[in-house]
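From first to last, the protein sequence lines stand for chains Z and L.
First residue of the first sequence? That's 1 in this note's numbering, and the numbers climb one at a time after it.
First residue of the second sequence? That's 1 in this note's numbering, and the numbers climb one at a time after it.
Derived from the structure by calculation, the hints contain no laboratory data.
Ideal placement from N, C-alpha and C gives every residue a C-beta, glycine not left out.
Some hints could be false.
[Said to hold, decoys possible] Partial list, computed: chain Z residues near chain L (C-beta under 10 Å):
{"no.": "1", "residue": "Y32"}
{"no.": "2", "residue": "Y36"}
{"no.": "3", "residue": "P44"}
{"no.": "4", "residue": "H49"}
{"no.": "5", "residue": "N96"}
{"no.": "6", "residue": "F100"}
[Stated by the list, open to error] With a cut-off of at most 25 Å between alpha-carbon atoms, the simulated SDA-like pairs for lysine to any residue come out as follows:
{"no.": "7", "chain 1": "L", "residue 1": "K15", "chain 2": "L", "residue 2": "Q80"}
{"no.": "8", "chain 1": "Z", "residue 1": "K3", "chain 2": "L", "residue 2": "E103"}
{"no.": "9", "chain 1": "Z", "residue 1": "K3", "chain 2": "L", "residue 2": "P61"}
{"no.": "10", "chain 1": "Z", "residue 1": "K107", "chain 2": "L", "residue 2": "R38"}
{"no.": "11", "chain 1": "L", "residue 1": "K57", "chain 2": "Z", "residue 2": "T30"}
{"no.": "12", "chain 1": "Z", "residue 1": "K69", "chain 2": "L", "residue 2": "G42"}
{"no.": "13", "chain 1": "Z", "residue 1": "K107", "chain 2": "L", "residue 2": "E44"}
{"no.": "14", "chain 1": "Z", "residue 1": "K107", "chain 2": "L", "residue 2": "A88"}
{"no.": "15", "chain 1": "Z", "residue 1": "K3", "chain 2": "L", "residue 2": "P55"}
{"no.": "16", "chain 1": "L", "residue 1": "K15", "chain 2": "L", "residue 2": "R64"}
{"no.": "17", "chain 1": "Z", "residue 1": "K3", "chain 2": "L", "residue 2": "D56"}
{"no.": "18", "chain 1": "Z", "residue 1": "K107", "chain 2": "L", "residue 2": "Q37"}
{"no.": "19", "chain 1": "L", "residue 1": "K57", "chain 2": "Z", "residue 2": "G101"}
{"no.": "20", "chain 1": "Z", "residue 1": "K107", "chain 2": "L", "residue 2": "G42"}
{"no.": "21", "chain 1": "Z", "residue 1": "K107", "chain 2": "L", "residue 2": "P108"}
{"no.": "22", "chain 1": "L", "residue 1": "K11", "chain 2": "Z", "residue 2": "S41"}
{"no.": "23", "chain 1": "L", "residue 1": "K57", "chain 2": "Z", "residue 2": "D31"}
{"no.": "24", "chain 1": "Z", "residue 1": "K3", "chain 2": "L", "residue 2": "F45"}
So the chains spell out like this:
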Amino acid sequence: DAKTTQPNSMESNEEEPVHLPCNHSTISGTDYIHWYRQLPSQGPEYVIHGLTSNVNNRMASLAIAEDRKSSTLILHRATLRDAAVYYCIPGRGGGNKLTFGTGTQLKVEL
Amino acid sequence: GAGVSQSPSNKVTEKGKDVELRCDPISGHTALYWYRQRLGQGLEFLIYFQGNSAPDKSGLPSDRFSAERTGESVSTLTIQRTQQEDSAVYLCASSRRSGSYNEQFFGPGTRLTVL
Chain Z
1 DAKTTQPNSM ESNEEEPVHL PCNHSTISGT DYIHWYRQLP SQGPEYVIHG
51 LTSNVNNRMA SLAIAEDRKS STLILHRATL RDAAVYYCIP GRGGGNKLTF
101 GTGTQLKVEL
Chain L
1 GAGVSQSPSN KVTEKGKDVE LRCDPISGHT ALYWYRQRLG QGLEFLIYFQ
51 GNSAPDKSGL PSDRFSAERT GESVSTLTIQ RTQQEDSAVY LCASSRRSGS
101 YNEQFFGPGT RLTVL
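Turn these sequences into a full structure, and let the hints steer you where they fit.
Rendered as structure tokens:
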């Protein structure tokens, strides 16, 4: 499994954009980049995934570096409900196990 | 629709006792996963089911841990002779197994405390 490096924690103010970085320099050519988040006292939930191109969905955007060795999850307007641990997970497509690291704890303040 | 459900939500047991944790996946999801999350840590993969077979058991930490699944529905994770280091939140997830990408949907977990 590819190793990932994420900041332990980040802070943001409500209504501001948040950029959560992830380094995955050993990612294989066929690995997706998955992002999940875990709200307090809940199981993780899927946020977004990508392979090579940048991706947008209703929750977030994912910007993938051209060499695929890093990616950035973008929350366009953080809310208090976005306070969670965000996990960047390189790995094969759906149907395979996810290898979670320790993630980034995002704190959102008024 | 209904999500992944797990029971019990909390379980306190004494060292040496056996425990059973249950997972009900989303209807129609053929893939089912068990993970463990110790306090303050990320999730550790335990086992993966495709239907009722388990092609990947690589994460089970010892032979005290076992799991089974009935068809494409409920799964049970059993821990025999529990130890204090087994204390953790046990999470179950399910996903479809068709199409190009299938995200995993997680249940709320079972918090296991071994005294």
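These are the hints, each one checked on the structure:
no., hint, in the structure
1, Y32, "holds, 7 Å"
2, Y36, "holds, 8 Å"
3, P44, "holds, 5 Å"
4, H49, "holds, 7 Å"
5, N96, "holds, 8 Å"
6, F100, "holds, 4 Å"
7, K15/L - Q80/L, "holds, 10 Å"
8, K3/Z - E103/L, "holds, 20 Å"
9, K3/Z - P61/L, "holds, 21 Å"
10, K107/Z - R38/L, "holds, 21 Å"
11, K57/L - T30/Z, "holds, 23 Å"
12, K69/Z - G42/L, "holds, 22 Å"
13, K107/Z - E44/L, "holds, 24 Å"
14, K107/Z - A88/L, "holds, 24 Å"
15, K3/Z - P55/L, "holds, 24 Å"
16, K15/L - R64/L, "holds, 13 Å"
17, K3/Z - D56/L, "holds, 21 Å"
18, K107/Z - Q37/L, "holds, 21 Å"
19, K57/L - G101/Z, "holds, 20 Å"
20, K107/Z - G42/L, "holds, 18 Å"
21, K107/Z - P108/L, "holds, 21 Å"
22, K11/L - S41/Z, "holds, 15 Å"
23, K57/L - D31/Z, "holds, 21 Å"
24, K3/Z - F45/L, "holds, 16 Å"
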